[in-house]
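Sequence lines, in order, name chains A and B. Each position in the first sequence, counted from 1, maps to that position plus 670 in this note's numbering. Each position in the second sequence, counted from 1, maps to that position plus 670 in this note's numbering.
Warning: the hint list may mix true and false statements.
Note that the list lumps identical chains together, so a pair holds whenever it fits in one copy or between two copies.
Unchecked claim - Derived DSS-like pairs: lysine-lysine, alpha-carbon spacing no greater than 30 Å straight-line: (1) 727 - 674; (2) 758 - 866; (3) 748 - 674; (4) 765 - 674; (5) 724 - 674; (6) 692 - 727; (7) 866 - 806; (8) 765 - 692; (9) 684 - 706; (10) 795 - 865; (11) 806 - 830; (12) 692 - 859; (13) 781 - 720; (14) 692 - 720; (15) 706 - 692.
Keep in mind the hints are simulated off the structure, nothing from the lab.
Protein chains: 2
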Amino acid sequence: MYPKSILNVIEAFKYLPGIGDKTAERMALYLLNLDKVQTDFMADAIKNLKDNTKRCKVCGNFTSDDICFVCNDPTREKNILCVVEDPKTIIAIEKLGVYHGMYHVLNGLIKTLDGLDPTDIRLDKLIERINNSDFKEIIIAVKPCLEGEMTSLYINNVLKDLNISITRLASGIPMGADMEYVDAITLEKAFDNRKKIS
Amino acid sequence: MYPKSILNVIEAFKYLPGIGDKTAERMALYLLNLDKVQTDFMADAIKNLKDNTKRCKVCGNFTSDDICFVCNDPTREKNILCVVEDPKTIIAIEKLGVYHGMYHVLNGLIKTLDGLDPTDIRLDKLIERINNSDFKEIIIAVKPCLEGEMTSLYINNVLKDLNISITRLASGIPMGADMEYVDAITLEKAFDNRKKIS
């Protein structure tokens with residue numbers, strides 16, 4: 671019953687994750703109150719998104735050029751490699767400002783060890799890159815879950831004969847967490863990995 | 671640290687109501703996984719929204735033409751007028767399928783009786799329309815709140831000398847509500863407006 675112009679925007683917003691009928695309707699009607707400059711900016715940004723966003727030829731990070739800002743930076747430490755699940759993790763780590771090495775984006779995690787095709791998540795590219803480079807340490811920074819464990823084990827297995835230190839980010843109780851709300855698996859991990867107070 | 675193409679979409683999504691940094695980021699990255707056909711559809715829909723959405727010259731409803739689907743429908747009852755706050759209410763009422771009269775969109779409610787400018791919320795258009803038409807009943811369907819009450823009283827005051835029945839949608843306890851969660855004002859209203867069981 672809305673005119674087509676509004677129905678189209680409602681339909682389009684429903685493509686977005688977590689946006690249902692009601693929210694899409696509210697957002698579409700809200701757009702009507704914005705300036706034309708703003709809605710044009712939004713339309714152009716969406717139109718150009720896929721064409722102007724590439725993946726870095728070296729690490730797989732998002733980039734507007736062939737090579738991303740990390741791989742292009744001559745001041746980065748070229749012998750440490752951090753393996754992440756997606757480019758979002760790179761943003762999160764870069765915000766910390768404590769890591770100055772390189773990255774490799776996997777594009778997902780191993781879902782099952784049966785019928786694993788390492789090319790699916792760019793593991794082949796990772797192995798190839800490591801063989802052709804001079805990395806001293808590989809830090810696996812995928813999320814701690816079954817798929818994360820399998821992916822870490824797989825990478826460790828393939829690389830174990832090379833003279834490279836392979837580490838995994840610590841898992842345990844997050845800082846500031848209330849002990850009673852920590853889930854059982856995390857708590858068990860925290861016990862297993864307990865550290866001597868020095 | 672994201673390329674400009676992604677940052678622009680994140681920025682644009684933050685124009686939307688209730689969308690903060692994190693959600694805008696999630697939605698922008700999600701768009702990257704959609705088909706180009708879908709993102710183009712979204713971009714075009716947003717681009718055309720404001721240009722192709724007009725307000726009905728008669729009632730103020732959203733329309734793609736000069737006159738909306740209700741005002742254009744010869745089968746509607748031309749002597750009943752329902753006054754609503756915004757076009758969204760028309761959609762809600764039309765979904766019921768029980769009302770077959772005409773509508774008038776106010777574009778908001780009276781915020782204060784001091785310094786009231788009836789042109790702000792198209793009250794002048796309403797009065798003009800009523801004077802030039804043959805309405806027998808005006809149903810005021812604005813939300814029950816202080817501003818809604820003021821708006822109803824104002825309309826009633828202006829029209830009281832005309833031979834028109836002016837009604838207001840009943841307020842009270844919503845169907846299916848748990849009594850203990852009904853707020854005090856609603857409960858008081860429900861007592862005041864109690865109905866004899868016939």
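Against the structure, the hints:
1. 727 - 674: between (42 Å within a copy, 18 Å between copies)
2. 758 - 866: Result: close neither inside a copy nor across copies, 33 Å intra and 63 Å inter.
3. 748 - 674: between (54 Å within a copy, 26 Å between copies)
4. 765 - 674: So residue 765 and residue 674 pass the 30 Å test across copies only (17 Å; inside, 43 Å).
5. 724 - 674: between (33 Å within a copy, 11 Å between copies)
6. 692 - 727: between (41 Å within a copy, 27 Å between copies)
7. 866 - 806: Within one copy only: 27 Å inside a chain, 85 Å across chains, cut-off 30 Å.
8. 765 - 692: between (35 Å within a copy, 14 Å between copies)
9. 684 - 706: Classified as both; 22 Å inside a copy, 16 Å across copies.
10. 795 - 865: Result: close neither inside a copy nor across copies, 35 Å intra and 75 Å inter.
11. 806 - 830: within (13 Å within a copy, 87 Å between copies)
12. 692 - 859: between (42 Å within a copy, 29 Å between copies)
13. 781 - 720: Close inside one copy (27 Å), not across copies (45 Å); limit 30 Å.
14. 692 - 720: both (27 Å within a copy, 20 Å between copies)
15. 706 - 692: both (23 Å within a copy, 25 Å between copies)
Consistency with the previously given hints fails for numbers 2, 10, ordered from lowest to highest.
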